[in-house]
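Visitor: Spelled out from the first residue to the last, the chains are:
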Amino acid sequence: MKQNGFTRRDFLKTAGIVTAMAAVGGIPADLFGEEQRMARFPEKTDMILLTSRPPQLETPLHYFKDSITPNEAVFVRWHISQIPTSVDLSEWRLKVGGNTEKQLSLSMNDLMKFEKVSYTAVIQCSGNSRSLFEPRVVGGQWGNGAMGNVTWAGSRLKDILDKAGLKAGSVDVSFNGLDEPPLPTVPDLVKSLPVDKALEDDILVAYEMNGKQLPMLNGFPARLIVPGWYATYWVKSLSEITALTTPFEGFWMKTAYRIPDTPCGCIPPGSAQKKSIPINRMTTRSLIIEPANASSLKVNRPVTIMGIAFSGGYSIRDVIVSVDGGNTWRGAQLGKDMGRYSWIQWTFPWKPEKPGKFTLMARATNSIGESQPFDGLWNPSGYLWNKIEKTEVEVR
Amino acid sequence: MKNLTSLFLLLAVSTVSLVYAQDSASKDMVHSITLPTVKVELRAGEGKDETERYCGICHSLDYITTQPKLSKAQWTATVNKMVKVMGAPIPDNEAKRIIDYLDVFYGTGK
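Protein sequence lines, in the order shown, are assigned to chains Z and L. Each residue of the first sequence is one higher than the one before, starting from 117 at the first, in the working numbering. Each residue of the second sequence is one higher than the one before, starting from 458 at the first, in the working numbering.
Since the hints were made in silico from the structure, they are not lab data. Every value quoted in this text rests on a predicted model; they were computed, and no experiment measured them. Please note that a few of the clues may not be correct.
Rough simulated footprint, nothing fancy, chain Z against chain L, three-plus residues with beta-carbon under 8 Å [what the hints assert, rightly or not]:
# : region
1 : 503–517
2 : 525–533
3 : 537–544
Listed next, the in silico DSSO-like pairs over lysine-lysine satisfying Cα-Cα at most 27 Å (straight line) [as the list claims (entries may be wrong)]:
#  : chain 1 : residue 1 : chain 2 : residue 2
4  : Z       : Lys211    : Z       : Lys229
5  : Z       : Lys232    : Z       : Lys313
6  : L       : Lys538    : Z       : Lys391
7  : L       : Lys541    : Z       : Lys370
8  : L       : Lys526    : L       : Lys553
9  : L       : Lys538    : Z       : Lys390
10 : Z       : Lys390    : L       : Lys529
11 : L       : Lys541    : Z       : Lys390
12 : Z       : Lys503    : L       : Lys526
13 : Z       : Lys506    : Z       : Lys452
14 : Z       : Lys390    : Z       : Lys313
15 : L       : Lys567    : Z       : Lys390
16 : Z       : Lys506    : L       : Lys526
17 : Z       : Lys391    : L       : Lys541
Just so it is clear, CB atoms sit at the ideal spot from N, CA and C, and this is done for glycine as well.
Looking at chain L on its own, in the form it has when it is part of the complex (with noise of 0.2 Å):
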């Protein structure tokens, strides 16, 4: 019985390994993707070199674009959290011409 149940269990992991053994190209064990790289312009303007050296540290800056409008409260609470939180290192002048700069191209004004 309990040969049985190896030859069983043999089976049923043969059975799903399948999965594997039929995936992608590569005959060995790697499977492997490469990611697109992807163009984005912020709009021109002054602190905007700023913006993208550093914020483009950690993520790519549709991080930016894809907000809604915030208020200057909003910009420098976010900037403020990649600071303190996420440990961005960026200096406080910078900081505050990021936050500039965002309010004035990507802000409501407020």
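Next up, chain Z with everything else stripped away, as it sits in the complex (with noise of 0.2 Å):
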């Protein structure tokens, strides 16, 4: 298992600058061939360092035994190198246009006079958990962190459109943020939702994370907020809104971002995509939290097994956890419902009665009946992760 690599390391600071080396006890050490670094960036935690150039910093595990993330630990992911680092409220406007009656430049001012709309929710990026499939696949090498639970609070998009007068005839709704690629020729980071995504209610522009402004690296002043669907789509330091009579076309919607045309949304390992469709609502998913992989524990001494789960926009109907590798299952007890965008904790309590090596897994299902794999679900971008994980603990 790779990701007790980010909770079971030794590592040394250097001016800011954490250098961590895979240092785990009875793991291959080629499973860790990869460098593994934390840093600590503006406004942020000390944080696990996939790339700097534009930054993607991952949440440590640990921050997950809370229900909410706190801003400064949520994971950050930028795709073209320049980034925001200074904006002037005072000049920043949320452009609204396109197939509209009006144009509108919203001030931060202006966008708040929209009803005010808060709901937790959790924020995962389409390639969390990448590091795990194989064959390995090119891309961020997240492990489980690059997710997060947040209360989100800003206006509604729809309130926004309907300020603007959306016209009949629109199909597309394209969002671009003040990031900027380092060439003419790198594709903008614009991302877009069919109009009657767009005009759901849940979807928000939101201007606060967790009761504060956002951190700059996680989309200052104000990012789109798409619950239940792959963060792709939360364009970071919005910008721009367009409504647009033709499908939109760019980049990062027709070629990036797209994941197999099949129900599960997944291939034969290895083997090449054919027919896509761009990522969308986010799978099933539970994690064991504590006790963290490779821990030991004591014969008799009573532990909580705790964890969380989620899934895309349905609750959670249930948790189940196997501590004998899947050959039996009993209910989790759910923590406190936090709406259905929002993960939800679990915990179950567990007294080990002989020694030896355990392996714990959880299971969660929705009310929808979506659950989770035995094994993993593979495509060629490393999307949709969401196999039941192992935990492998001893106890002596």
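Assemble the dimeric complex from its two separately framed chains, guided by the hints.
Guide: Structural data, given as structure tokens:
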């Protein structure tokens, strides 16, 4: 299991950047062939550093013991290197136009005049857990920390589009942010939603994360929130919303962020993707947070196995847990329900009665019956990962 | 009634604006950060200079070092994507040297 490298790693601090080489007993060294580092970026805590320009920072798993992920620990993922590092709110405007009656140019104060809406929602990178794919795939080598659970607040996209007067014949709505490509030939990061999706009540232009302004690296001053869908659509440092009368065909929709057009979004491992569709709603997942992988437990001492579960916009119906590698399963106790877009915490009391190695597993099912596979589903971009994870512990 | 509504709206707006008013050291409306510089050292060898020079135009070199070991076909596809899709200005002969370097030092050897 690769992810235990993130919790059991020696590291050396040097000038704010921490270098950490995998140093985990009992794990084959070649599994950790890639360098692992920690870094502290502005307004962020010590995060697992994937890349620095543009930044990709992963959340250490211990933050998921809390139901809400603090702003400074929420993962960071930018695509093109000219990212905003300074925003003057007296000049920043959100432009809304295209196939609309009016062209709007909203200041932050204008944006805040719409009804304020707030809810808690999981934000998760499409490629979360990509490093677990086998065979391995190209791309950001995330462990399980490219996600978080945040209380967002902002204005409904629908209210903004209503104010602009969305005209008949609109098919897609595109979203652009302040980040810019390093060369004119590099496609700017622009995403789109079908117009029916864009008009759903729950889609926000959020200007608050957990009651505070957004950190610059998480999309200050405002970002799109598409709850239940992967974060590729949650455009950061939003600056332009455009209603389109023809399907949007930008690179980041037409070529990138696509999944196989099969019921599972998967194809045989190592094969080539043929027919594809844009990635969209999140798969159902659960994760054991405590005990951490490779923990040592004591015989007859009770422990509480604890974790989280979430799905793409449907409440978690149940979580079942196995302490014997999947042979027998029992229901976990679900924690406080924080809404259908939030993750839910679960607990499972356990008293190991004999020494030995134990494999802990958890499996979540949502309210429409979507669950998690025992074997990893494979696609060439490393998306949709939701395999039932195994936490290995030793009881002495 | 209309005036009352306006007053309420004004109050509501003032409240939410507080989040911004409290922000940061600067009293003005500017919010800024300074990104750290992270040094990444590629493995020494034939083709390292070209790899640093061309790949580093658009992204930090940890985009290379954090990848799993890739096959030569995967590295070739990646470099070709950078040239053909992203428009990286890499001459053909240099692209070939970069692919060879990545294959030798960051590849599976397959």
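Visitor: A separate judgement is required for each hint: does it hold in the structure or not?
Guide: Tested hints:
1. 503–517: Holds: 4 residues of the region 503–517 of chain L have a Cβ under 8 Å from chain Z.
2. 525–533: Holds, because 4 residues of the region 525–533 of chain L bring their Cβ atoms closer than 8 Å to Cβ atoms of chain Z.
3. 537–544: holds (count 3)
4. Z:Lys211 <-> Z:Lys229: Roughly 16 Å between the alpha carbons, so the hint for Lys211 (chain Z) and Lys229 (chain Z) holds.
5. Z:Lys232 <-> Z:Lys313: Distance ~20 Å between Lys232 (chain Z) and Lys313 (chain Z) Cα, so the pair holds.
6. L:Lys538 <-> Z:Lys391: At roughly 20 Å apart (the allowed maximum being 27 Å), Lys391 (chain Z) and Lys538 (chain L) satisfy the hint.
7. L:Lys541 <-> Z:Lys370: holds, 16 Å
8. L:Lys526 <-> L:Lys553: Measuring from Cα to Cα gives roughly 18 Å; hence the hint holds.
9. L:Lys538 <-> Z:Lys390: Holds, because 18 Å separates the two Cα atoms, which is no more than 27 Å.
10. Z:Lys390 <-> L:Lys529: holds, 22 Å
11. L:Lys541 <-> Z:Lys390: holds, 20 Å
12. Z:Lys503 <-> L:Lys526: Measuring from Cα to Cα gives roughly 23 Å; hence the hint holds.
13. Z:Lys506 <-> Z:Lys452: holds, 25 Å
14. Z:Lys390 <-> Z:Lys313: holds, 26 Å
15. L:Lys567 <-> Z:Lys390: Roughly 24 Å between the alpha carbons, so the hint for Lys567 (chain L) and Lys390 (chain Z) holds.
16. Z:Lys506 <-> L:Lys526: With a Cα-Cα distance of about 24 Å, the restraint between Lys506 (chain Z) and Lys526 (chain L) holds, given a limit of 27 Å.
17. Z:Lys391 <-> L:Lys541: Since the Cα atoms of Lys391 (chain Z) and Lys541 (chain L) sit roughly 22 Å apart, the hinted pair holds (cutoff 27 Å).
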